[in-house]
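Engineer: Could you put together the complete structure from these sequences and hints?
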Amino acid sequence: MVLPLKLLFQLSVRNIFRHKRRNGMLLAAIVVAVGAVVCTSSLIRGFQYDMADAAVANLTGHVKILAPGYLDDPNIGKSFELAETWRPDVADEELAGWAARVRVPAVIMSERGTRGVQFVGIDPAQEHISFIGSVAVEGEHLADASDGRILVGRALAEQLETGAGRRLVIITQGHDGLNRESGFRIAGLYDAEGTGLEKMFVFTGVDTLQKMVGADVYTEISIRLRRDPVLFQLKASLVEFFTGLDVLNWQELEPQAAAMFVFADSAFFIWYFIMMGALVFGLVNTLVTSVMERVRELGMLRALGMRSRGVVAQVVLESSVLMLIGVAIGIATGWLAVLSMGDGIDLTQWAEGIEAFGMRGKLVPVPLADDIVLIGLMSVVLGVVASLYPALRIVRIKPLEALRR
Amino acid sequence: MGAGAMAEATVSQQPRASAGGIAVLGTAQVAWRNLWRNPRRTWLMAGGIGFAAWMLIISMSLQGGTFTLMIDNGARMMVGHVQVQHPDYEDNPRLENVLDDAPALRARIETLPGVASAALRGQATALVSTDERSFAAQVMGVEIGREAEWSRVPLSVRDGRYLAGSGEAFIGSVLARNLGVSVGDELVLLGTAKEGGVAALASDVVGIFETGMVGIDRSLVQIALPEFREAWNLAPGEAHTLVVVTDRVQESLDLAERVWRTSGDWKTLNWKELMPDAEQFIALKLGGTWLFFTVISVIVIFSVVNAFMMTIFERTQEFGMLKAIGMRPGRILFGLQVEAAWLWALGMAIALAVCTAMILPLGTWGMPLPMDADELLAAMHMPDRLYPEFDSAAAWVSGIALFVGTQLALLVPSLRLWRLRCVEALRVQE
Amino acid sequence: MNNDAVAVCSGVTRTYQEDSVPVHALRGVDFTFSRGDFVSLTGPSGSGKSTLLNILGGLDRPDSGTVSVDGVALNDLNETQLSDLRLAKMGFVFQSYNLIPVLSAQENVEFIMQLQGVAPAERAERAVATLAALDMADLAHRRPGELSGGQQQRVAIARAIVTDPVLLLADEPSANLDSATTEDLLRLLRRLNEERGVSVLTATHDPMVMKYAHRRVNLRDGAIVEDSAADGV
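Respectively, the protein sequence lines represent chains A, B and C.
Count the first sequence with the working numbering and you get residues 123 to 527, in order.
Count the second sequence with the working numbering and you get residues 226 to 655, in order.
Count the third sequence with the working numbering and you get residues 65 to 297, in order.
Just to be clear, a hint being listed does not mean it is correct.
Pulled a few chain B residues facing chain C out of the computed Cβ check, cut under 10 Å [unchecked claim]:
| # | residue |
| --- | --- |
| 1 | Thr-252 |
| 2 | Val-255 |
| 3 | Arg-262 |
| 4 | Gln-542 |
| 5 | Glu-543 |
| 6 | Gly-545 |
| 7 | Leu-547 |
| 8 | Ala-549 |
| 9 | Ile-550 |
In the BS3-like style, the derived pairs of lysine-lysine whose C-alpha atoms are separated by at most 27 Å in a straight line are [claimed, not checked]:
| # | chain 1 | residue 1 | chain 2 | residue 2 |
| --- | --- | --- | --- | --- |
| 10 | A | Lys-200 | A | Lys-357 |
| 11 | A | Lys-333 | A | Lys-200 |
| 12 | A | Lys-484 | B | Lys-497 |
| 13 | B | Lys-510 | A | Lys-484 |
| 14 | B | Lys-510 | B | Lys-497 |
| 15 | B | Lys-419 | B | Lys-492 |
Take a look, some chain A residues computed to stay more than 10 Å from chain B by CB distance [stated by the list, open to error]:
| # | residue |
| --- | --- |
| 16 | Leu-127 |
| 17 | Ser-134 |
| 18 | Arg-136 |
| 19 | Ala-213 |
Think of the hints as simulated: they come from the structure by calculation, not from any bench.
Don't be surprised by glycine CBs; every beta carbon is placed ideally from N, CA and C.
Structural biologist: Rendered as structure tokens:
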């Protein structure tokens, strides 16, 4: 038998409108649940992207090439030479940029104090891929790879009680293993998002640092892509090219951030299922009641010749239609809520707490179409599953028995 | 009783004071029976209420234990539960910003109730060198015996032993690896002393520690406090921080208060100020949980409104009869309110039973954390196993919130009772 | 005017809007109901007998005209006062019994006294006595679902008379009963009327009910067309 779907659909819509207030309440519950999930999923995605972005921008890049052992023992001995003509073998439209650097632990001293830092030699022209390329600088940024001045974080400068134009002494180990000590003039102070970076990194021109350590070598190449998916392919080609060096992606370099990324994925599903769990109680109650009120009516339909399948289909359709309406309004509401957050929620009052998560001061919601479609689909599936219990219950009552009630 | 006498007494008001208490008891009983006229609905709604309460209680119970442990682990790692410092030291950790007469201060604080240990420290940044390599490190001069009473650093010996006296250094494992030193090797510590001189000190590495916290393992060198004072030119009574530890973590904020009153002009920092990242992390997590509970409660309360709508609709005729025989709408509503209260009580009972069933075994054997990120957990001072404790505050708050919610939920459809006209209501279903 | 009048209505009219068509249920009815009377309001469906019964019972209000029960003018009372008046002075027996399903027979009877604020011991005593008087003592602890229609109607009557109402109002009391049970019920009402002096007003089109009444008031199209003494059996 072909189910008279159009008829069944009409019946279910009319039955929903039969109890406007009651179904209105249920719709409100669905809207709250779906809207909240859409909102949260956007925030969780925003959190993930921000975190991954921060991790990648934090001098890491998507892929990094390092000498073996550098991660455990970061010193200038763990370095490599690089041909002038080298370029990453990636199509231009996939590549955001790359930077070769020298990064060594160093001690920085003012007349007021001594601090341990990471001393990084950079080519400013290449650094649009990392945070240092876009920071606000008081004073001047480094001019080029041979700039002999240094760029210091504001938080560090405050600790050392120094400022732009003043001089600092830096001690680090040379390529020959002996300590080198040099005086540097401060070109400018930079403001990073979060004081952790400002206290950790001091920058100078890469040529200057190579001269200081006495070798024409690099300790790392950082490559940033426009999209994640080409990462594996790139990594494979790099491994082949840089025989004997370590090629690591950001997940390996920033395991905390990567773990958080995965954790946020599951947080999304936990949120979803708890919300829907709360909804199921009301949904089943409404469906059961509306079906049991109509025992006679449905019994009559069956007495007239509608098969059990048709009755089940009617109940399932009713639930699905209700769910669909709720999901549509819920997604719209959630979307509006996301829009109303505009360019993000200011989290700076929890700056240090969220820095521990690898996040920056602002949480910008990122609504993903994939997520929203998934939420919608799962919700409708839930509506169907929830309606099976009352539907099967009613089919178990024999038509005559139902008519007698 | 004659009909006439009765009539005179009761035309304008219902006497009910005489049997008020009994009437309420009866109402509770009637409401309970009414609840079971539709067992499926009752179970579903109680289940929904229970679900919301369960969510809050169980997550707060899981987190509550974690937070206490986080705070305690974080404090015992190094910073302590309370610190006393020179007023400027926190913002500007210069060598000159010292506590003078520190031993006397320590003696006063040690007598305060709740203080398990109090230790003085001197701190400075120095260049730590071997023949070949140099790294910057935090040098900490410690009172060896006192430090060993509580700090996780002395307990985390990987090679060798903890400090015993002068001429010795106890260093972090990452720093040791970077410097290429092992137990028995000599280090040179070089820095700027107080009032501008050069601080220089040669020490033997007697022990290497590994706390699992990279920040500490990478940068910390501990030496004996008297030696630190001598090298960095501090006077004998001077120190940079006084670290206070308590065995009663929950009361550590009160302790900070007492320490503050005892320590005069010096600055007192409590755990929130010492570990702002942990405090904000906790605030963020708690905020998230409450938001979560609110949304779930709203969903459940909508369902309860819905259920009461059905209930009242189904009993229209009965309410019509009750109004006809002279029961005021307020009185009928009261009966329904008691029903809502029963429903709530049933839901809370479910929540409490499930929570207890989950928390009891977990509290005994612990729950391994699902996250596969040891470093992350270590960074947040989180334990690898949770021992949840029943959070009675969460039970109270969820209970009160859901009680108010269910009562309000009932009011929405109850307005119908006032609009209900007996004649029409009685005609329904006839 | 008769001092013994329990209920008096004069010039009562009542018009309903049914699907925006006005239905003139009562068109100026004057009616006096004496203490100790047993009256049956008769007439075909739509004659206005139920409307008159509801207005006398304080369940409905007339559009014009006055109604007083036991000397109290109903027109002057607000909803709450009406409600209290019903509780104190009226007893109702409905066509479909309308017992509270979750309460036992005795509890149903006690319930109304509880609303009146009668002390528990007295409540129980009066309920038991009333049920016993109606031959329901053995079934006092059953719930309505466990009783037959006639038994349920007895409980409903017990509930209606246990408060010693001035007026017992019964709308189609026999509609859901077989004839034997109806006979029982009517004998019971008659007995209550004679022994206890309960004033009974029924609205019915069951000839058997009419047979038991002292006085028959016949309505047609919202007006009294006949008001005569009946024999009574």
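Engineer: Kindly indicate which numbered hints from before are broken by the structure, ordering the numbers from low to high.
Structural biologist: none
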